[in-house]
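With the hints as your guide, set chain B onto chain A.
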Amino acid sequence: MNAINTDSLACERQAFADLAKDFSAKKLVENREEHDRYPFGELFTEAIKDAGIIGFYGINLPVDYGGVGLNAAMVAVIVEKLSEVEAGMAGIVFTNAAALEIIREGAAAKKSDDIYKSTDRFGTAPLAFQSFHAPNEIDMPAAGPGGALSGRIDYLTLGGIADFAVVPARSDGEKAFSYYLLDLKNTNVSISKPVVSLGLHSCPAVDVTFEGVPALLIGTQGDGENCYRAMRDRMSLCAAAMSLGLIQGSLKEALEYTADRYQGGRQIIDWGQVRMMIAGMAVKALAAGSCFSSASCDMDGGCIGWEKTALAAAIHLGELANQATTDGVQLLGGNGYMKDYGQEQRMRDARQAQSLLGNALFRKMELAGQIIEESR
Amino acid sequence: MYPFIEEIASVCSGLGHIIFVHYLGLATLFPSFNAKILNRVLRDVVKSEKKGEPHLLDLVITEPDAGTDVQEPFLLDRGRVGTIARKVDGGYMVNGRKIFISNGHFSYWHVVMAFEDKKNPAETFIQCVIPNGSKGFSFGTREKKMGHLASTASELLFEDCFVPNDWMSIVCQDPTIRNSKKGIRWTVHSMIDYVVSSSRAGVGAIGTGIARGAYETAMDYARKKKVGGGLLVNQQWAQIILTDMYRNVNMGRTIYMESAYTDMLQGLFKLLAKKPVHYFLDIMPGWYFSLISPMLSLGLATRILRKYYYDWYTDNERDASSGWASIAKYTCTDLGVTNANLALDLMGGDGLRHDHGAEKCYRDVKLTQIYESTNQVNQMNLFCCLVGNHMPEVEFFK
Numbered sequence: 001m002n003a004i005n006t007d008s009l010a011c012e013r014q015a016f017a018d019l020a021k022d023f024s025a026k027k028l029v030e031n032r033e034e035h036d037r038y039p040f041g042e043l044f045t046e047a048i049k050d051a052g053i054i055g056f057y058g059i060n061l062p063v064d065y066g067g068v069g070l071n072a073a074m075v076a077v078i079v080e081k082l083s084e085v086e087a088g089m090a091g092i093v094f095t096n097a098a099a100l101e102i103i104r105e106g107a108a109a110k111k112s113d114d115i116y117k118s119t120d121r122f123g124t125a126p127l128a129f130q131s132f133h134a135p136n137e138i139d140m141p142a143a144g145p146g147g148a149l150s151g152r153i154d155y156l157t158l159g160g161i162a163d164f165a166v167v168p169a170r171s172d173g174e175k176a177f178s179y180y181l182l183d184l185k186n187t188n189v190s191i192s193k194p195v196v197s198l199g200l201h202s203c204p205a206v207d208v209t210f211e212g213v214p215a216l217l218i219g220t221q222g223d224g225e226n227c228y229r230a231m232r233d234r235m236s237l238c239a240a241a242m243s244l245g246l247i248q249g250s251l252k253e254a255l256e257y258t259a260d261r262y263q264g265g266r267q268i269i270d271w272g273q274v275r276m277m278i279a280g281m282a283v284k285a286l287a288a289g290s291c292f293s294s295a296s297c298d299m300d301g302g303c304i305g306w307e308k309t310a311l312a313a314a315i316h317l318g319e320l321a322n323q324a325t326t327d328g329v330q331l332l333g334g335n336g337y338m339k340d341y342g343q344e345q346r347m348r349d350a351r352q353a354q355s356l357l358g359n360a361l362f363r364k365m366e367l368a369g370q371i372i373e374e375s376r
Numbered sequence: 001m002y003p004f005i006e007e008i009a010s011v012c013s014g015l016g017h018i019i020f021v022h023y024l025g026l027a028t029l030f031p032s033f034n035a036k037i038l039n040r041v042l043r044d045v046v047k048s049e050k051k052g053e054p055h056l057l058d059l060v061i062t063e064p065d066a067g068t069d070v071q072e073p074f075l076l077d078r079g080r081v082g083t084i085a086r087k088v089d090g091g092y093m094v095n096g097r098k099i100f101i102s103n104g105h106f107s108y109w110h111v112v113m114a115f116e117d118k119k120n121p122a123e124t125f126i127q128c129v130i131p132n133g134s135k136g137f138s139f140g141t142r143e144k145k146m147g148h149l150a151s152t153a154s155e156l157l158f159e160d161c162f163v164p165n166d167w168m169s170i171v172c173q174d175p176t177i178r179n180s181k182k183g184i185r186w187t188v189h190s191m192i193d194y195v196v197s198s199s200r201a202g203v204g205a206i207g208t209g210i211a212r213g214a215y216e217t218a219m220d221y222a223r224k225k226k227v228g229g230g231l232l233v234n235q236q237w238a239q240i241i242l243t244d245m246y247r248n249v250n251m252g253r254t255i256y257m258e259s260a261y262t263d264m265l266q267g268l269f270k271l272l273a274k275k276p277v278h279y280f281l282d283i284m285p286g287w288y289f290s291l292i293s294p295m296l297s298l299g300l301a302t303r304i305l306r307k308y309y310y311d312w313y314t315d316n317e318r319d320a321s322s323g324w325a326s327i328a329k330y331t332c333t334d335l336g337v338t339n340a341n342l343a344l345d346l347m348g349g350d351g352l353r354h355d356h357g358a359e360k361c362y363r364d365v366k367l368t369q370i371y372e373s374t375n376q377v378n379q380m381n382l383f384c385c386l387v388g389n390h391m392p393e394v395e396f397f398k
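Residue numbers (our numbering), protein chains in the order written: chain A, 1 to 376; chain B, 1 to 398.
A portion of the hints provided could be inaccurate.
What the hints assert, rightly or not - Below, computed lysine-lysine pairings styled on DSSO-like, alpha-carbon distance capped at 27 angstroms:
1) B/K47 to B/K135
2) B/K51 to B/K36
3) B/K36 to A/K175
4) A/K193 to B/K225
5) A/K364 to B/K224
6) A/K193 to B/K224
7) B/K36 to B/K307
8) B/K224 to A/K175
9) A/K26 to B/K144
10) A/K252 to B/K144
11) A/K364 to B/K225
12) B/K226 to A/K364
13) A/K193 to B/K144
14) B/K144 to A/K27
15) A/K175 to B/K225
16) B/K275 to B/K307
17) B/K36 to B/K274
18) B/K36 to B/K270
19) A/K339 to B/K144
20) A/K308 to B/K226
To be verified - With the Cβ distance kept under 8 angstroms, some of the chain B side facing chain A (calculated, not the full set):
21) T62
22) K135
23) K366
24) T374
To be verified - Simulated restraints on C-beta separations:
25) B/D44 to A/V283: 51 to 61 angstroms
26) B/N316 to A/M276: 28 to 38 angstroms
27) B/F139 to A/E366: 51 to 61 angstroms
28) B/G136 to A/D260: 24 to 34 angstroms
29) B/G229 to A/V283: 35 to 45 angstroms
30) B/K118 to A/D260: 13 to 23 angstroms
31) A/A282 to B/K182: 37 to 47 angstroms
32) A/S118 to B/G229: 32 to 42 angstroms
33) A/K111 to B/M251: 51 to 61 angstroms
34) A/Q14 to B/G136: 52 to 62 angstroms
35) B/H354 to A/T187: 21 to 31 angstroms
36) A/M365 to B/E7: 31 to 41 angstroms
37) A/K49 to B/E49: 50 to 60 angstroms
38) B/D65 to A/M365: 45 to 55 angstroms
These are computed hints drawn from the structure, not numbers from a lab. Just so you know, these numbers come straight off a predicted model, no measurement behind them. Heads up, the beta-carbon is just placed ideally off N, CA and C, and yes, glycines get one too.
Looking at chain B on its own, in the form it has when it is part of the complex:
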């Protein structure tokens, strides 16, 4: 998946972002391990794609006063959250405003984060799925961005939006979570880390894709541009710059793949790496979908998955997958910014023109240092997970 995202992003990171965010929505829904909802949503996604009217997913989390706070478990309790889900007969009533929602206007299924008590968000966390057309749900403005112009960053509005219990994918007060072996807070922390461990490597792939696009654009230019009677590509200093750019692309790819392997072994995808499951998926017969798959709608499937992914999840596993995802995210996106700058350095005034490609890389790549938590928050997360995690005197996010 990640190399595919890199490939698309090397030409248009806006399009790469659209595809990536769809999978980000899935990666957010998966860690709810609510097998019933997953089964229904994914079947609809496949069916709608075959009809030529794809139903994309998005992740609806950022709020006007809570960006980093709602993405970082350590800060959740200190955040000024504003999207509240109130228990009513048969479901929840959601009220609030979400901003910067990638794919917001493009998506059909919105995976929404809310809270029952704004004073205790970490223990009253709610995740629900809201489809287009739901009463009380509407689209607000589309943000005007510097880059990634192919995709949208949307405002989503919830005014007494009723969500039936059937679409509540995570409710902290649900017995499978409230009574989980390690407690609500640990479970919410793990759930968030499952999401970001897979999504941040994806952002790394986008950053690497842009780094590659910048490199290829600069190389193409240097092979044609004449300077002082010779080609730019034959200037020694230009060769060094191009070599650095090539190095950066390969370094980025190596790092996000390392994060992907870690996630496969110790994160969200670890069940798929178990040999019986892995081989079964290879030979999965067609009758699985008609006979076995419907059983996922039974509550038992959710309980088993949650037992496996929440209760049996270890600190070491979580630290490794989350830590490596942060390494991938902030390293690859920094490398992307470096390459976009180097391309513009090499191309000078010619690089400023939109029709020459490099300026798009420059505008696009900056976003990757910001979303999926800023690179600085990722650095802090890495410190928490893999640098200072075994040092009792160390305090985090103080």
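Here chain A stands alone, though its shape is the one from the complex:
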């Protein structure tokens, strides 16, 4: 509910929040543990498909091309609610939305909507994107004449299940890079088995290699950095939302468990230190909610410096979620470490989500650079 403000879109936000909550209850709760085992268990392909049918992949897609035409703040509403129950699906919605943000930025820079006409898959199936790495953290593929791409993309999120990917590439001798829309079904694209990862198992990633694969340039040549920064500024709010959802889910689980479990002749919620840890989680949940709401309002209102606020919120809430979910496991004791309960998954997912949009320490240093630059 933290993303729900009293602005003109309040009704839409509430509707999407309710929809995500309902979807979680019906599609994600059952077999949660099995889905979390992927790639050693089944992936919830039906749920991934259903999420497209109800519009989760088209929130920030223009209405003219089958989307809802709203912004990343609305995506954040969905991501927050999904993360309370199963952050893997939130990761899928996040990754697709990040790819669409790149496309939107590119289309705006080029003043052309042609890229949207290249496929009818936008909004119905998720796009693949390197959502855990910033472009400056990777070895970039090469873009040849006419946009044929060659090289390798490691840890391409959803690369194993999506038809198209948004990938960065650099032309020979150029410092700047561009984003391209790559057809993953092309025969010259080689996709690895799913990468075994720490968390967000139901939002899997693969390593992809390709040789001379034609790809569509997104936006203008060499404008990749601008597209990335614009996407990151907006999607930071969604990364913060995922952390917030995980904190709230952890607090709820901890409250239920500690009221149910007895040790030392009383409910463990009545032991002083347990209560103190719960208080710590509650403080994090409330502070995180407040921080998120503020960043959301700043973005929606176009306040000066909203980009920095969003970036800081994503970094800070990522840290809080890591602490809160770890404390959540501790409160559940031995049960917290077991997969029968959802808490160990939240702990792994929160840690994984901390790297959304790239290494948090690099993002911190970049934020510091911006602030220092402005202070001069």
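Using the frame of chain A, we list chain B on its own:
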């Protein structure tokens, strides 16, 4: 022993855990000071290892409704214990269900804790040894865990499992315990503290091993990863993180070794540190095992050991060894968690991949903050032993 565990855990804490838990089983059996049973079990352990079919030990204590309660002497009487040993002709009939038993499915010798009266567990405490194949004993499920995937956490089931008197290592109503100078409760408390004083330093060694594994993984990564045209290891902030990780490893090692020294002087190993015993062990001739060792099966040996370890044990000794073990346990495991987090911080998205090593450290190390009593219970134990122990107005576990 502890540095050996650290060494193994620095690469695979799951394997380190398997080895550690075997010694945890031994460390649980030792404080029974039942020389006859110890002699039989240990001879079998050595013999089976030589045959290439090792018979491991485990500690069977945690129950579905009693985790912390059965590991903390102050809480034992308030616990909802469920594994009951009923006296029958020639032995005891054990019924109950145990969970989260490390090495359960791997072990041959199960050192089981039970109680004669669930309303008075502290004074009716029972420890017995149950080998695989015993009638009424069976394995249940294997828990699905976040980490430590090389080892198991097992459910063990006892349904009218008959344990002959010969395998009852501790029975509180035994005269050597019932008539002990300081009483049953003090003796049970000491027995539990002997176990945790040695085992918690071992968990500290595992935590330190994982901290070291995380440090080495992060350092290796930082020396290869290029950032902004230069190597990550040459970023000043990265150097500070790596230095902190190095510091944490050495701090952890220092602390668990301090606990080991305390245990050697004032805990379970103190007899071994006595000079005559120490030097005798160095020069122990082969005939000791054929001529002297069988005499340990006489009841006299058990009585002498119990007199030494129970009646002559002092509050100060117990507080020092138990307190330092708690310091080692919760400090080293917290440092392990810190280092696993720092490794993932440094490696970002690359650290999330299983094939890069750091995520395993992160999953594995969390367990060390939980087992052998949670770190919070260890903090309370430290308060009882070394912080508030001489303050008459202070109450514990209220």
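B/K224 paired with A/K175 [C-alpha distance capped at 27 angstroms]: holds (22 angstroms)
Range agreement (Cβ of A/V283 with Cβ of B/G229, hint 35 to 45 angstroms): Given range 35 to 45 angstroms: holds, Cβ gap about 41 angstroms.
Satisfaction of hint between B/K225 and A/K193, Cα-Cα up to 27 angstroms: holds (24 angstroms)
Pairwise hint evaluation, B/K144 against A/K252, where the allowed Cα distance is 27 angstroms at most: Roughly 22 angstroms between the alpha carbons, so the hint for A/K252 and B/K144 holds.
Supplied distance hint 13 to 23 angstroms, evaluated on CB atoms of B/K118 and A/D260: At roughly 21 angstroms between Cβ atoms, A/D260 and B/K118 fall inside 13 to 23 angstroms, so the hint holds.
Hinted pair B/K36 and A/K175, Cα distance within 27 angstroms: violated (77 angstroms)
Cβ distance range 51 to 61 angstroms for B/F139 and A/E366, holds or violated: The hinted range 51 to 61 angstroms holds for B/F139 and A/E366, with Cβ atoms some 54 angstroms apart.
Restraint outcome when B/T62 is required to lie within 8 angstroms of chain A by C-beta distance: At 7 angstroms from the nearest chain A Cβ, B/T62 passes the 8 angstroms test, so the hint holds.
Satisfaction of the hinted span 28 to 38 angstroms by the C-beta atoms belonging to B/N316 and A/M276: holds (31 angstroms)
Restraint check, 8 angstroms cut-off on beta carbons, for B/K366 near chain A: holds (6 angstroms)
Restraint check for A/K308 with B/K226, where alpha carbons must lie at most 27 angstroms apart: Holds, at about 26 angstroms.
Proposed proximity, B/K224 with A/K364 (alpha carbon, max 27 angstroms): holds (21 angstroms)
In summary, the numbered hints that this structure violates are 3 and 22.
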